[in-house]
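Engineer: Sequence order for the protein chains is A and B.
So the first sequence is numbered by this note's numbering: it starts at 79 and just counts up by one.
So the second sequence is numbered by this note's numbering: it starts at 31 and just counts up by one.
No wet-lab data here; the hints were simulated from the structure.
Be careful, since some hints might not be right.
[Claimed, not checked] Below are the SDA-like pairs computed for lysine to any residue, each with C-alpha atoms no more than 25 Å apart in a straight line: (1) B:Lys122 - B:Asp61; (2) A:Lys257 - A:Tyr195; (3) A:Lys161 - B:Lys122; (4) A:Lys161 - A:Pro179; (5) A:Lys161 - B:Leu87; (6) A:Lys161 - B:Arg89; (7) A:Lys161 - B:Ala222; (8) A:Lys161 - B:Ile92; (9) A:Lys161 - B:Gln148; (10) B:Lys210 - B:Ala222; (11) B:Lys122 - A:Val83; (12) A:Lys161 - A:Arg141; (13) A:Lys386 - A:Ala338; (14) A:Lys606 - A:Tyr279; (15) A:Lys541 - A:Lys606; (16) B:Lys210 - B:Gln148; (17) A:Lys630 - A:Lys257; (18) B:Lys122 - B:Arg184; (19) A:Lys348 - A:Lys161; (20) A:Lys630 - A:Phe640; (21) A:Lys348 - A:Asp561.
The chain contents come next:
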Amino acid sequence: MNTGVRVRISIVGVVVFALFAALFARLWFLQVASRGSYAEVAQANRVRIVPIAPPRGRILDVRGRPLAENRVARAITVDRRLKGARRRAVVNRLAVLLGTPVATIEKRLDDKRVSPYAPVPVATDVPIEVLTYVSEHQEDFPGVRAVPLAVRSYPNGRVAANVVGYVGEIGPDELSERKDEGYALGDTIGRSGAEQAFEEYLHGRPGAERLEVDARGEVVGHLSTVAPRPGQDVQLTIDLDVQRLAEQSLSQGIAAARDAVDDDDDRHFKAPAGAVVVIDPTDGSVRALASNPGFDPNGFVGGIPTDKWRWLNDRDNHYPLIDRATAGLYAPGSTFKLVTAIAGLQSGLITPYTTIDDEGVYRFDRDDPRWSRTNAGGARYGPISLSRALTVSSDVFFYNIGGDLWRWHRRGDPNGDALQAVARDYGFGATTGIGLPGEAEGRIPDAAWKVAFNADNPDPRSKAENSVWYPGDNISLAVGQGDVLVTPLQLARAYAAFAAGGQLRPARLLDRILDPSGEVARTFAPGKPRPVPVPERDTILTGLQGVVSDPKGTAAGAFAGFPLDRVPLAGKTGTAEVQGKQDTSLFVAFGPVGAPRYVVLSVVEEAGFGAQTSAPIVRRVIEGIEKMELSEIAVSAPTAAGN
Amino acid sequence: MATSLTQGPAGRVELSDRRARRLAMPLRHVDLSLVVATLTISGLGLLMLYSATRDRLERAGIDPFYFVKRQGLAVAAGLVVMVLVMVVDYRKLRDFWPVVYGALLVPLVIVISPVGSQVRGTQAWIQLPGGFQFQPSELFKFGMVVGLAGYLHRHRGELDARRVIGALALAGAPIALVMKQPDLGTAMTLGAIFLAVLTVAGVRVRHLVVLGLMAFTGVVLVVQMGMLETYQVDRFTAFLNQGSDTRDVTYNLDQAKTAIGNGGLTGRGLFHGPQTNGAFVPENHTDFIFTAVGEQLGFAGSATLLTLFAVVVWRTWIAARDAPDLFGVLACTGVVAMFAVQVFENIGMTMGIMPVTGIPLPLVSYGGTSVVATFALVGLVVNIQMRRYT
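Only chain B is shown next, with the shape it has when bound in the complex:
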């Protein structure tokens, strides 16, 4: 560091009060690479959203910027939320975690009441005035991270059974609510956050095994009791039987793989994705938007996007490592888990290495709540990172 230091009486290097305060000023420690990577992904996401939907919208006689405008609005809102989250010292969030957790849990209850609205069999949206909706489960990712980190940050050493059960209750209730919608993808993300946070917090191996068995039993029960929709089971089976002749079920997957494969090294060029623009790939602006990246920008483009995500995850992991308290460590770990699971599951399913589940690619897939929630979480990480000296 190039800061000038003054020699103290005892020969120790001391910082003057004013200087020390200035050096520790949070804004000086904002992780620019994290912020820049996040913004770049959002920008690229908007571009791909436009490229993937333009032809289709034009043909339907709708404004070709329809999705881009709405998503742009979400990005702007996300930036505002990120700044708001950054401004408040995260230690306040830490101390008032039950408020944050509770406030975000309420809409999750409301959405499965008749107030929520259904889209394709999933009751995940609450209508807002002005033609907007929001998705409480996406927003709750923030509540989950803050809640778990807040609950666990006081303990020392390995977690005792009481704490594990408490954490399980905190995570289990919202996961159950999300499953009720049913939104398998978000439930998976929440579960991954829980698992990662618990691991870093120091769960005992035998507790982990018990949790694992419980999760397994839970999955079996869910499948056996027919809580899943047929299409969800089919998608899983399709994943296990790739290349089989059941065209209907493996259709999504085949088309997605074909699109990405069609991109090759350098891609077909923006707006030139016959697979994605021709709408062979369904949901090409939401869950399957990575196919558009793969087809139009090729290996060069998709590897770049993947690298940007890696940068975000790496910087968040660094923030976790350097965090001044356990809350910071656990919160950042939760964000790492959120990014890693969503990116891996989303991109993995389009390439046929993961089963197809509805899960957005953070900041790229069309969906306002997801964008805002992601920005909020990035804001939380920046918040923790920049206040590591105060």
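One chain only, chain A, in its complex shape:
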């Protein structure tokens, strides 16, 4: 062999050697030098995580009765991995069996919200015969299973719906916000009420099933299962019995008002809506929050039909989804006189012995009739003191306080704002701490508010005129009229603070959190009370007791026959005028006077005097709490000119 050939063979040898060396080097780099990163990719490649939704916690009343729970529904699920002709055949058979259109089932099967590795529920609450048929004909229904499915359920229907709220499916925006909290597509989330407010306890933590899959997504193995942590039960301070009583009484009162005729315009009261609040003044616990009109939260489970949703949000139906107890804003009318009385006493303007001669008319300025006011119904009470003024609800007495305080305000005396200061002390103009979504703050008007409110007025003259805090503003406020707005819960809480001897407590709805085992996980103690001024409590109390017990008391008629000797009560009527509408009827009472255990408040829109509609509602609720025989609510023409 000549040397030329040898040299050339060697060249080939060198080239081949280089190729093999390159392969070895690359192999080392991939498998040894950068091992970890590829192992991770491979892991992510083959593992699919199927979330297991945690059962949602229940919502219980104060005695452990369920307000919201999970019902086991018989559902039919279809395996997503069913494909092609087999799937078509199965879907067609199911459609016939369930009486559902094929398209509906197909749509659910293609629903992106369900993990492709989880069976898709195509029908819930399936009749037992259908389930039996499916399980007896498994060969015709491959991939079809009958499974128990947890469905949110509200066993009491409409009762306490405004407090409990409802659930819905998590939206895409919320999902991206809450992804770290363990939410997945298609998850249930609280949409209002306690369901929304206490979501963090109710939701629980989802479990996960880790599956090994191949490139086509076929499951080839089961790696592990982490069981979900069920949501915790939330126990509220609501007492289902009292709640039911409050709601029944409210709807009875509304029905009765609609039957009655308004003296002012000789028409039936419209009484479109109302609220009843029952709270415990000793610790601020809310026992009942009734709101009318209401809704059935069961209608929201599994998605609410559009027409139904539209109906619930229609003005003509008076927005049943709004909880009027916490989000309804009302002029308090004469119920606000408690604040005015305390402001008058607190500022030193009046004493329990101050007497005013009520001739039926109040004139702030003899030369300026703009600020003159008369008593409702033109009543004249003669010389009266504070306690009497409360009992008979003399407007003139309180107009005087409002007017005189305005003068102090004009002089720059800080006591001139006593009305607003006391109102804020008693929790008006701020949320109550109940924590329900959508709670309104209300409004206590003052000079600064008026300026701010008219800041955007484009007409300089009108702006200048409307930005002034006039005597009339303070005079109206003194009787709960004008620009003041309160929620029923705020009003009840203010009376609770007075009943408790000057202790304003946060409204308490959440009693405790229970683990699924029933163990108490956390107790929510009553909030720290804030002391509020209660000057001359006895004088005011006498006046408020007179409202129900004195023959001239504004609610005496409504409480005729009530055993006040056994269960002494104190209360106050309110009749708020609303521009262009019939009067709002308010009544608030607490008892027993010696050691108050409850404050009951009723507000009914367009239902006349406080004594006409609301006082009978409150009476009936108190009768229920005191385990007396319940009286029938009848709205009659007022005997006294009680406002």
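Given the coordinates of chain A, assemble chain B onto it according to the supplied hints.
Structural biologist: Relative to the frame of chain A, chain B by itself:
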């Protein structure tokens, strides 16, 4: 050597006729390491084939040994062919090279006629009775080696232009036929054999440059004229743009690299390749079978396989160096080129250092014709090696 020698009259060491013949007996000079390495690779190949396809076949309800049985049959056939090739003196093959070349070229023409059958756009198979097929292009590798070596073995010194053109015609015709199928991988292998044989035969540098330019022009023309399928161009582009987001195109490559990387030093263990058994890697029993080796046996296993191939190539190179005539040198060189290119391209593409082309890993990838052809070529090398003293 421990053979006893007798002292001749002139003081020269002479072998007795009988002894000399016995010493030169071909069977004594069979390169055992080459044969053993070849058989070990085949055995390992069968094992990996089983490990890579078992789960998939079981899930599909097919006999998990389906591929292994068929490949085993091919290995047995390959052994028979190897022995047949060894028995005939290679000098007969050398003298009758046009017959061998012509006989193997015929099926290559037939396969692109309507008789051939298409699989995934490539018309590379001829159906045989009994559910078997064979791939003429694979078998032609043997024809290419014998043909080129036979044609060139008579010349001395550097190759003149006439010889180069003759060799080009011999190699070009089958390459064109294979490209027509189109089977880019095999065409590449044939081209590499041609190049290596020509180099060792003594091609002039300027001829080589001209050939190179022609090859380049040819490639450009092929691409420009759209003779390649889109997927083939895409694969090449994917190779150039590794790590880009075009998941569809780089998918094969990413999955293959992930599988091999996932193996680490010692591998995930036989039958425990989530990447390869889960069929994330496509073609994991044919072109991408090395990913199964990499994932399941790790660096230890894949380096062993690579070493076995290196042994085969090294022993073949030794056979080329020691061959008694130019035919032997060139034929062995062709086999060296065949092994080196197929191993480098196949394993290289799974590791992302070569573009993805359909090319089997000799003796490991599933495919009967390739196995038989490889055994035939190894047989040819053993044949040349063991007859170097006769």
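Engineer: Take the hints in turn and mark each one as holding or not.
Structural biologist: We went through each hint and held it up to the structure:
1. B:Lys122 - B:Asp61: 21 Å, holds
2. A:Lys257 - A:Tyr195: With a Cα-Cα distance of about 20 Å, the restraint between Lys257 (chain A) and Tyr195 (chain A) holds, given a limit of 25 Å.
3. A:Lys161 - B:Lys122: 61 Å, violated
4. A:Lys161 - A:Pro179: 19 Å, holds
5. A:Lys161 - B:Leu87: The hint holds at about 20 Å.
6. A:Lys161 - B:Arg89: 16 Å, holds
7. A:Lys161 - B:Ala222: 47 Å, violated
8. A:Lys161 - B:Ile92: Roughly 20 Å between the alpha carbons, so the hint for Lys161 (chain A) and Ile92 (chain B) holds.
9. A:Lys161 - B:Gln148: 28 Å, violated
10. B:Lys210 - B:Ala222: Holds, at about 18 Å.
11. B:Lys122 - A:Val83: 23 Å, holds
12. A:Lys161 - A:Arg141: Between Lys161 (chain A) and Arg141 (chain A) the Cα gap is close to 51 Å, so the pair fails against 25 Å, i.e. violated.
13. A:Lys386 - A:Ala338: Outside the cut-off at roughly 31 Å; violated.
14. A:Lys606 - A:Tyr279: 23 Å, holds
15. A:Lys541 - A:Lys606: It is violated: about 43 Å lies between the C-alpha atoms, which goes past 25 Å.
16. B:Lys210 - B:Gln148: 12 Å, holds
17. A:Lys630 - A:Lys257: Cα-Cα ~63 Å, so violated.
18. B:Lys122 - B:Arg184: 15 Å, holds
19. A:Lys348 - A:Lys161: It is violated: about 59 Å lies between the C-alpha atoms, which goes past 25 Å.
20. A:Lys630 - A:Phe640: 16 Å, holds
21. A:Lys348 - A:Asp561: 23 Å, holds
In summary, the structure is inconsistent with hints 3, 7, 9, 12, 13, 15, 17, 19 from the numbered list given earlier, while agreeing with the others.
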